[in-house]
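Chains as they are written, first to last, in the numbering used here: chain A, 1 to 198; chain B, 1 to 328.
Everything labelled a hint here was simulated from the structure, so no lab data went into it. Misleading hints may appear alongside valid ones.
[As the list claims (entries may be wrong)] Derived SDA-like pairs (lysine to any residue); straight-line CA-CA distance at most 25 Å:
#	chain 1	residue 1	chain 2	residue 2
1	B	K39	A	S50
2	B	K63	B	A44
3	B	K39	A	R171
4	B	K39	A	G80
5	A	K115	A	E161
6	B	K57	B	V214
7	B	K57	A	G99
8	A	K115	A	G99
9	B	K57	A	G114
10	A	K138	A	Q116
11	A	K83	B	L37
12	B	K13	A	S175
13	A	K115	B	T76
14	B	K13	A	G114
15	B	K39	A	C85
16	A	K115	B	I59
17	B	K39	A	S175
18	B	K57	B	H202
19	A	K125	A	C85
20	A	K83	B	R117
21	A	K125	A	G39
22	B	K39	A	L78
23	B	K57	A	S175
24	B	K57	A	V97
25	B	K39	B	H202
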Amino acid sequence: MASEWSPGSSSRRTFIKQTTGLAGLTLAPMNQAEPSAPGPTLVQGATELSLRINGRVYSLRAEPRTTLLDALREYLHLTGTKKGCDHGQCGACTVHVDGERITSCLTLAIMQQGKQITTIEGLAKGDQLHPMQEAFLKHDGFQCGYCTPGQIMSAVACIREGHATSDDQCREWMSGNICRCGAYPNILAAIREVASSQ
Amino acid sequence: MNDFHYAKASTAKEAADLMNDQPGAVYLAGATTLLDLMKANLAAPPLLIDINTLPFKGIEQTKDGLRIGTMERMSTVGENPLVVQEFPAVSQSLLLAASAQLRNMASIGGNLLQRTRCGYFRDAAFPCNKRQPGSGCPALTGDNHNMAILGTSERCITTSYPGDLAVALLAFDAVLILQNQKGKQRQVPINEFYLLPGDTPHRENVLEAGELIVAVLIPTATHAQHSTYLKVRERTSYAYALASAAVGLDVQNGIIRSARVALGGVGAQPWRSPAAEKVLTGAPANRATFQDAASAALQNAKPRSENAFKIELAQNTLVRALETVANA
Ligand SMILES: Cc1cc2nc3c(=O)[nH]c(=O)nc-3n(C[C@H](O)[C@H](O)[C@H](O)COP(=O)(O)OP(=O)(O)OC[C@H]3O[C@@H](n4cnc5c(N)ncnc54)[C@H](O)[C@@H]3O)c2cc1C
Ligand code: SF4
Ligand code: FES
Ligand code: FES
């Protein structure tokens, strides 16, 4: 669990606990414990986390309660991913984890270590926009733009899943992304165009 | 959200030991219910025990049915070919729930333990017998348009489990495999798992402290193969049910040989209707029979000031679901 401790840090607050028999809840400071010891690591307070995002490895020091969304926005300044409701209800925070779309507000950063995370910042190749980004521009798939990164991330996954083969199917499988500007017809047109060109 | 400790258990024993050592600790699966509650200050556990790597996996055909590990995700189970073929209603109940993103995160075990969406429960400024036993139930005289009409008590009138999967599992006689902290397993039929509110609405199921849900078993049956889940909502998609019906029929030569009926959105818990099944069994598979069954299913309904509409809505939902299966 090398990513959960940092031997050089002076403000270490990570503890390890070995669940062996009657040991109970004795918290041994990390530097006194065997890092390779069996049993689960009890993470307490801010620790070093390592996240693989858009093909790069990022390190951050954060508490277990840090959501993936907050890690992206507040710690790593990848602010393309938006916070709408923070309760899984709007889809603005949609990212991909190991290729699947999820809402990053309802998962913890610490749970996503070792996974491949893709955010809206990771879609374009340099100056070359992703076809879905191009299609949103072409079809005016937004007004204020706040829901757009989530819509685009969700749309890319929706096509990959095979759930954009008809207008109705696409609407149903995109229903986790709310647009309060009501750009739905144009969003749908953009997705269907990309889906049919593939 | 409170600060908490986090530990990842790789075996059920590790999870149980961690649970033993820390009173108030909770298991963490997909996190979609838990973080939602914690952000609303409705839960503040000192330790989250991540059980995502426990080996409660797999969707397997067994001798007499299907065994689904509870760490499987809603999306995986909903689109699994065995589930789609043998238990269409179960598949539909999963794919009509929440959103594509949430279904990729949410586990089967967590789904069965989701909490009520009652607005008073979810706002810590209000009293609520479920959240704080004895404090009162503002829904009795307040906003109760989406509350339950069957199985409620004067202490609590919400749909305690607001979701979909358990409704379909209840219709098709699923059994839950539970494992306690000592590693001992027991089987509980899902119709004995959830508790009606009665005088103790804070007690929602028979799961013991620290007990894990390991797997769900669903017996194969003709009425399960010919089944559907119909969900009626305030909007077309991405909402909880106002009323829903999981139904299955085995029809031969126009006569119903066996029937299964469960309702969601109208019971204090997922609601099986033996009365409707009795009307259906042995009767001709036609609209008149289905309407009689729907009347029987709702005959003991007790609406409140704003939710009498649910009686007719649930009846129509049930009739339409039965017609869908009969005409398939
Ligand atoms: C916006 C929104 C809309 C939704 N709409 C719907 C809907 O329409 N229909 C529907 O059915 N659901 C809906 N849900 C609920 C969703 O399905 C649940 O939140 C989800 O299934 C919970 O699973 P999880 O793995 O994320 O659970 P977690 O949040 O990780 O856990 C939930 C609870 O279960 C316990 N737990 C988890 N797994 C186990 C286990 N194996 N053994 C013992 N205890 C365990 C945890 O300790 C915790 O107390 C919605 C949720 C949201 C946020
Ligand atoms: S209906 Fe139940 S959950 Fe809602 S306020 Fe009353 S006691 Fe609480
Ligand atoms: S911010 Fe995550 S779904 Fe709204
Ligand atoms: S473009 Fe404004 S919310 Fe969708």
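- Item | K115 of chain A paired with T76 of chain B [C-alpha distance capped at 25 Å] | 18 Å, holds
- Taken at face value, is the distance from the CA of G39 of chain A to the CA of K125 of chain A at most 25 Å? 42 Å, violated
- Item | Hint consistency between K115 of chain A and I59 of chain B [alpha-carbon to alpha-carbon, up to 25 Å] | Judged against 25 Å, a Cα distance of about 23 Å means the pair holds.
- Message: Given the hinted pair K39 of chain B and S50 of chain A, is their Cα-Cα distance within 25 Å?
- Response: 24 Å, holds
- Query: When you check the alpha-carbon spacing of K83 of chain A and L37 of chain B, does it fall within 25 Å?
  - Reply: Holds, because 17 Å separates the two Cα atoms, which is no more than 25 Å.
- Agreement of K125 of chain A and C85 of chain A with the hint, judged by alpha carbon distance not exceeding 25 Å: 30 Å, violated
- Message: Holds or violated: K57 of chain B and S175 of chain A, Cα atoms, limit 25 Å.
- Response: 28 Å, violated
- Are K57 of chain B and V97 of chain A close enough, with their CA atoms no more than 25 Å apart? Cα-Cα ~19 Å, so holds.
- Pair hint K57 of chain B and G114 of chain A, alpha-carbon separation not exceeding 25 Å: With Cα atoms ~20 Å apart, K57 of chain B and G114 of chain A stay inside 25 Å; holds.
- Message: Run the distance test for K39 of chain B versus R171 of chain A: straight-line Cα separation, threshold 25 Å.
- Response: Not satisfied, since the Cα-Cα distance of roughly 29 Å exceeds 25 Å.
- Message: Can you confirm whether the C-alpha distance between K13 of chain B and G114 of chain A stays at or below 25 Å?
- Response: 24 Å, holds
- Are the Cα positions of K57 of chain B and G99 of chain A separated by 25 Å at most? 20 Å, holds
Hints 2, 3, 10, 12, 18, 19, 21, 23, counting from the list given before, are not met by this structure.
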